[in-house]
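> These protein sequences, in sequence, are chains A, B, C and D. Each residue of the first sequence is one higher than the one before, counting from 1 in our numbering. Each residue of the second sequence is one higher than the one before, counting from 1001 in our numbering. Each residue of the third sequence is one higher than the one before, counting from 2001 in our numbering. Each residue of the fourth sequence is one higher than the one before, counting from 3001 in our numbering.
One or more hints might be untrue.
What the hints assert, rightly or not - Covered stretches of chain A, going by a simulated chain C footprint (3 or more residues, C-beta under 8 Å):
#1 95 to 102
#2 115 to 124
To be verified - Distance ranges between label pairs, derived from CB positions:
#3 Tyr2138(C) / Pro1010(B): 49 to 55 Å
#4 Val37(A) / Asp1125(B): 31 to 37 Å
#5 Leu155(A) / Gly2200(C): 31 to 37 Å
#6 Ala2201(C) / Ile135(A): 33 to 39 Å
#7 Ile174(A) / His2139(C): 45 to 51 Å
#8 Met1001(B) / Lys3088(D): 53 to 59 Å
#9 Lys86(A) / Leu2080(C): 26 to 32 Å
Unchecked claim - Derived DSS-like pairs: lysine-lysine, alpha-carbon spacing no greater than 27 Å straight-line:
#10 Lys3278(D) / Lys2202(C)
#11 Lys1246(B) / Lys1063(B)
#12 Lys86(A) / Lys2246(C)
#13 Lys251(A) / Lys1278(B)
#14 Lys1251(B) / Lys3077(D)
#15 Lys39(A) / Lys3088(D)
#16 Lys3278(D) / Lys2251(C)
#17 Lys1251(B) / Lys3088(D)
#18 Lys1246(B) / Lys3278(D)
#19 Lys1095(B) / Lys3086(D)
#20 Lys1246(B) / Lys3088(D)
#21 Lys88(A) / Lys2246(C)
#22 Lys2202(C) / Lys251(A)
#23 Lys265(A) / Lys186(A)
#24 Lys2002(C) / Lys1039(B)
#25 Lys2086(C) / Lys1039(B)
#26 Lys2246(C) / Lys3271(D)
#27 Lys3086(D) / Lys1251(B)
#28 Lys3095(D) / Lys1265(B)
#29 Lys1026(B) / Lys2026(C)
#30 Lys3086(D) / Lys1246(B)
#31 Lys265(A) / Lys2202(C)
#32 Lys39(A) / Lys1251(B)
#33 Lys1251(B) / Lys3278(D)
#34 Lys271(A) / Lys2251(C)
Quick caveat, the hints were computed from the structure, so don't treat them as lab data. For clarity, every value in this text was computed on a predicted model and none was experimentally measured. Each residue gets a CB set at the ideal place from its N, CA and C atoms; glycine is no exception.
4 protein chains.
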Amino acid sequence: MKTTILINCPDQSGIISSVTGFIHRKGGNIIYIDQHVDKEAGVFFMRLESDFEKNIPAVQNLKQQFQEELAQSYQMKWSLHLGSTKPKMALFVSKYNHCLYDLLSRFNSGELEVDIPFILSNHSDLEYVAKQFDIPYYHIPVTKDTKVEAENRQLALLKEYNIDFIVLARYMQIITKKIIDHFPNKIINIHHSFLPAFAGAKPYHAAFERGVKIIGATSHYVTEELDAGPIIEQDVTTVTHAHSIKDFITKGRDLEKIVLSRAVKLHIRRKTMVYNNKTVIFS
Amino acid sequence: MKTTILINCPDQSGIISSVTGFIHRKGGNIIYIDQHVDKEAGVFFMRLESDFEKNIPAVQNLKQQFQEELAQSYQMKWSLHLGSTKPKMALFVSKYNHCLYDLLSRFNSGELEVDIPFILSNHSDLEYVAKQFDIPYYHIPVTKDTKVEAENRQLALLKEYNIDFIVLARYMQIITKKIIDHFPNKIINIHHSFLPAFAGAKPYHAAFERGVKIIGATSHYVTEELDAGPIIEQDVTTVTHAHSIKDFITKGRDLEKIVLSRAVKLHIRRKTMVYNNKTVIFS
Amino acid sequence: MKTTILINCPDQSGIISSVTGFIHRKGGNIIYIDQHVDKEAGVFFMRLESDFEKNIPAVQNLKQQFQEELAQSYQMKWSLHLGSTKPKMALFVSKYNHCLYDLLSRFNSGELEVDIPFILSNHSDLEYVAKQFDIPYYHIPVTKDTKVEAENRQLALLKEYNIDFIVLARYMQIITKKIIDHFPNKIINIHHSFLPAFAGAKPYHAAFERGVKIIGATSHYVTEELDAGPIIEQDVTTVTHAHSIKDFITKGRDLEKIVLSRAVKLHIRRKTMVYNNKTVIFS
Amino acid sequence: MKTTILINCPDQSGIISSVTGFIHRKGGNIIYIDQHVDKEAGVFFMRLESDFEKNIPAVQNLKQQFQEELAQSYQMKWSLHLGSTKPKMALFVSKYNHCLYDLLSRFNSGELEVDIPFILSNHSDLEYVAKQFDIPYYHIPVTKDTKVEAENRQLALLKEYNIDFIVLARYMQIITKKIIDHFPNKIINIHHSFLPAFAGAKPYHAAFERGVKIIGATSHYVTEELDAGPIIEQDVTTVTHAHSIKDFITKGRDLEKIVLSRAVKLHIRRKTMVYNNKTVIFS
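Start from the sequences, fold in the hints, and give me the full structure.
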């Protein structure tokens, strides 16, 4: 039974040896440790992959022992994940198909260990892609007047399908507190700029206007402040004076696909932790 | 006689054939053309390298003919540069030595075709580097009270040495209109962020605070608005949660050196033109 | 009528002004010139985009005049392409779907200005992708014994559909002289290494074995010598000791997609010329 | 007392908890762990940074206990390094000054925690640089006839100054077994290509000839087989058909500097381990 444990707690001496000792005593073999100390905040972070010879019923036992023997005294916030369970990912899209195609073809190739119960959109444009890949497609239009009702329908779907996290694959609507509160640090957005430069609408136009020589894309967890959530992954590509805004958009599409898919993979593999509006990305 | 001609003018049909025809008629062989049309602004840009068999006295003739036969009717802004003249570059520094060492060792290796008549600083810290490379070093302290006087001394030096352009190799003082007006698009600064993100003071600290995954450096011509001039060159490097601010600074130093030296080379080779607060960078 | 002219000829003085003068006399407006001189070989290369106000019947005239007035005296090899004609691209695949999905989703988004008359494979595995995108799929198995017959069937299809160029989107069969002779510099392959390192089979395994810190992908025109044709495009990504061969393969897939699609776009836009087993890539 | 422990041993369950438990029992606080398992070879690697409140005399004790309590049973190869000791680095150069200037200016800025007792060269060309930085310079010419004698003089100097490791900063002589045997995995070379492509002499010329679109540099430990030692660091930069061999060389110089300095820093911080002609690079 492969397990992944994520921990954060106030930094102090002895945590690593306590945790590794615990795993060893319980019959686990540690496959990989990665840890980090945020010295300014005085916080310790750790991710452990271990292999237990135990069967699944014993997991509850293990969790209780971890809580009692370790977590309480170190004031740990922690979670334990079994390697055998695939998270359920909902895809939100609008009209652009490039990130959607990219994620679905990776899913199809076995590159993403998730279930994708549905694709949701405020438009019907991409229903044909959902059909190509045989995934349910929900068209929930959003207008000023129907925003509240639309969010209720979204929440109902997310609940019905037991969704674990949401990927905004170029979903062109602002996600409100209502949804965010149900999925804290579980909504991944792709923004088509090198944040914090060019937050908000039309970043390629703003980048063109400024005459930058490099454009970027940023994947981040969605928080209430627009385009200001914890950054998971960024990448860039060079541009020149000879590129038009249309060229920026075309070059940017490749960035968006790569950066979003990397962030999704990190999330699926539970390699991200959020603290102080930043991410720790485990190796 | 190798010459470089830089042109910009309102875009219209026939410019390229007119200019290339002119060069041909005057006995020049065109070695390289690069051109660009800014379609939104309707402006045409061109850079031509040509080889003339003429001797230097004939250059004045050529310039006059170019003005009369071509430039007037096309409303060209243009300049003609002889390959044989080395521009004179002044280096302004404060306390950091990395960009200074980098530029001087490139100069020493013959990589930069310039003269460096002097190094100027508001501190005496880097005088030892100037001595290592046997270049005059002027220490002109700058305080609130002495700013005006210091600028007068700077201008006097720039004039005395016939300086063509200034490189701010991490010079930690704001350049005012007084100096800029004498060197429009001729003062190159290196800013230690991926502009327009993190303009102003302490960009590495701001980048660390925001939790970015990539840091950058930007070289630009200095204008009155701080860190908002035309961008010449940018580059980036990846960082992670594990990097401290000190690590950002160390990694950034390598970026600053590379980005500044590339901008300086482009300027020396007359491969930059400025329009609408943007640069055209010729290949 | 937008036209693209590609030229190469022995280098000499006056070519640029002759060609631009010709275009101008024939009523064309030059939109973009890019040229290159291979000084060692003494060869001149040029690509011109022009806009003519003429109608299509006049093209034959223009071609004849170009040949008589210019091409003969300069010994030019040249071609003229009308912007209105889309090239026909055949896709050859085997079992991997990532490059196929990537190209088809770009095609679907209007990013590739081609027709794709068919997909051909030596296996039936990817027929479902062809169906998703509603493109004919020909399954032509290849064994030692049937290689000759298979090539005849391939050639018949290529002829029947008037194919202009072939893209090997991870087609795992060697292309022989028989096919190459019909498509010189018109077959684009993606090799999953940074050529010339790791030519031949299993490059990711070889890269892993050598302990490299960077892996690459290379797109090139197919010539008789395996993996030794003119390189169109290359890109790389970093790897570490912690990556397994499987990780190399997964990371490499993203490279292969990007590098192949860039090469295909360059070819479609007629931005490539081949000389001395190298490419000139126009901007 | 800050210490770094490097370990490799046959992989088995329980190593991490044993080692972390040992450190904890001896009063050490683990600051950072990084580990790696080469699954094919079945070998475990670990690097531990710890903080001990002990004074230096106790280190011998600690080493003995580590050997007896842990290393023997796990068949570990291991080393323990005190943070307070700076390694001694010898610089070997020939005629190119760029890597030398780069390393010395980093050294001057406090970026490299080493001592540099001397610079050695087979030419006298760079003596002026050594003088600029006030470091002893030994000129030991090497010819076919004097090779053996020259090596003896080199070995004598390396011994006299208690040199820990050697950096070949573009030293254009082959290092023979005689020297290598005294400095196994302790001689760092910079090769100006993306190895294994273009090993041997004139790699930029070979890269130009092949028409590659990317050039690289590789830093590796020197072994008896030329340019085939364990790779520490690689990086690349793009080139085009428009770049001459001279451009390759100029662009490559920046790569060489960056790649060599990164490798030197990794070595100084004891972040490298060699196994099966590959490196493990700790984070």
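> Now, for every hint given, state plainly whether the structure supports it.
Going through the hints against the structure:
For the segment 95 to 102 of chain A, the proposed coverage by chain C is satisfied: 4 residues have a C-beta within less than 8 Å of a C-beta in that chain, meeting the threshold of three. Restraint check on the segment 115 to 124 of chain A versus chain C: 0 residues with Cβ-Cβ distances below 8 Å, three needed, restraint violated. The beta-carbon spacing between Tyr2138(C) and Pro1010(B), approximately 54 Å, falls within the hinted interval of 49 to 55 Å. Take Val37(A) and Asp1125(B): their Cβ atoms lie about 34 Å apart, and the range 31 to 37 Å holds.
The beta-carbon spacing between Leu155(A) and Gly2200(C), approximately 55 Å, falls outside the hinted interval of 31 to 37 Å. Between Ala2201(C) and Ile135(A), the C-beta spacing of about 36 Å keeps the proposed range 33 to 39 Å intact. Take Ile174(A) and His2139(C): their Cβ atoms lie about 48 Å apart, and the range 45 to 51 Å holds. Under the hint 53 to 59 Å, the C-beta atoms of Met1001(B) and Lys3088(D), about 54 Å apart, fit the expected range.
Our hint of 26 to 32 Å for Lys86(A) and Leu2080(C) is violated, since their Cβ atoms are close to 56 Å apart. For the hint linking Lys3278(D) to Lys2202(C), the alpha-carbon distance of about 19 Å falls within 27 Å, and the restraint holds. The straight-line distance between the Cα atoms of Lys1246(B) and Lys1063(B) is roughly 53 Å, outside the 27 Å bound, and the hint therefore fails. A threshold of 27 Å between alpha carbons decides the hint, and for Lys86(A) with Lys2246(C) the separation of about 20 Å falls inside it, so the pair holds.
Using a Cα cut-off of 27 Å, the hinted pair Lys251(A) and Lys1278(B) holds, with the two alpha carbons roughly 20 Å apart. Between the alpha carbons of Lys1251(B) and Lys3077(D) the distance comes to roughly 33 Å, so the proposed pair goes past 27 Å and is violated. In summary, the hint linking Lys39(A) to Lys3088(D) is not supported, as the alpha carbons are separated by about 31 Å, beyond the 27 Å threshold. Distance restraint check for Lys3278(D) and Lys2251(C): the Cα-Cα separation of roughly 20 Å lies within the 27 Å cut-off, and the hinted pair is therefore satisfied.
Distance check on the hinted pair: Lys1251(B) and Lys3088(D) sit about 24 Å apart at the alpha-carbon level, within 27 Å; holds. Under the criterion of a C-alpha separation no larger than 27 Å, the hint pairing Lys1246(B) with Lys3278(D) is inconsistent with the structure, at around 30 Å. The suggested pairing of Lys1095(B) with Lys3086(D) holds, with an alpha-carbon distance near 26 Å, which does not exceed 27 Å. A C-alpha spacing of about 24 Å is found between Lys1246(B) and Lys3088(D), which places the hinted pair at or below 27 Å, so the restraint holds.
For the proposed pair Lys88(A) and Lys2246(C), the alpha carbon gap of about 24 Å is at most 27 Å, so the pair holds. Between Lys2202(C) and Lys251(A) the alpha-carbon distance is near 30 Å, which puts this suggested pair outside the 27 Å criterion. Between Lys265(A) and Lys186(A) the alpha-carbon distance is near 13 Å, which keeps this suggested pair within the 27 Å criterion. For the hint pairing Lys2002(C) with Lys1039(B), the CA-to-CA distance comes to about 17 Å; that is within 27 Å, so the pair holds.
The suggested pairing of Lys2086(C) with Lys1039(B) holds, with an alpha-carbon distance near 25 Å, which does not exceed 27 Å. A threshold of 27 Å between alpha carbons decides the hint, and for Lys2246(C) with Lys3271(D) the separation of about 25 Å falls inside it, so the pair holds. With a C-alpha separation of about 22 Å, the suggested pair Lys3086(D) and Lys1251(B) falls inside the 27 Å cut-off, and the hint holds. Of the pairs offered as hints, the one joining Lys3095(D) and Lys1265(B) holds, with about 24 Å between alpha carbons and a cut-off of 27 Å not exceeded.
Restraint check for Lys1026(B) and Lys2026(C): the C-alpha separation of about 24 Å stays at or below 27 Å, so the hint holds. Straight-line distance between C-alpha atoms of Lys3086(D) and Lys1246(B) comes to about 20 Å, which keeps the hinted pair within the 27 Å bound. Between Lys265(A) and Lys2202(C), the direct Cα distance comes to roughly 26 Å. Compliance with the 27 Å bound is thereby established for this hinted pair. Between Lys39(A) and Lys1251(B) the alpha-carbon distance is near 19 Å, which keeps this suggested pair within the 27 Å criterion.
Restraint check for Lys1251(B) and Lys3278(D): the C-alpha separation of about 25 Å stays at or below 27 Å, so the hint holds. About 17 Å separates the Cα atoms of Lys271(A) and Lys2251(C), which keeps this hinted pair within 27 Å; it holds.
Hint compliance for this structure: hints 2, 5, 9, 11, 14, 15, 18, 22 are broken, all remaining hints hold.
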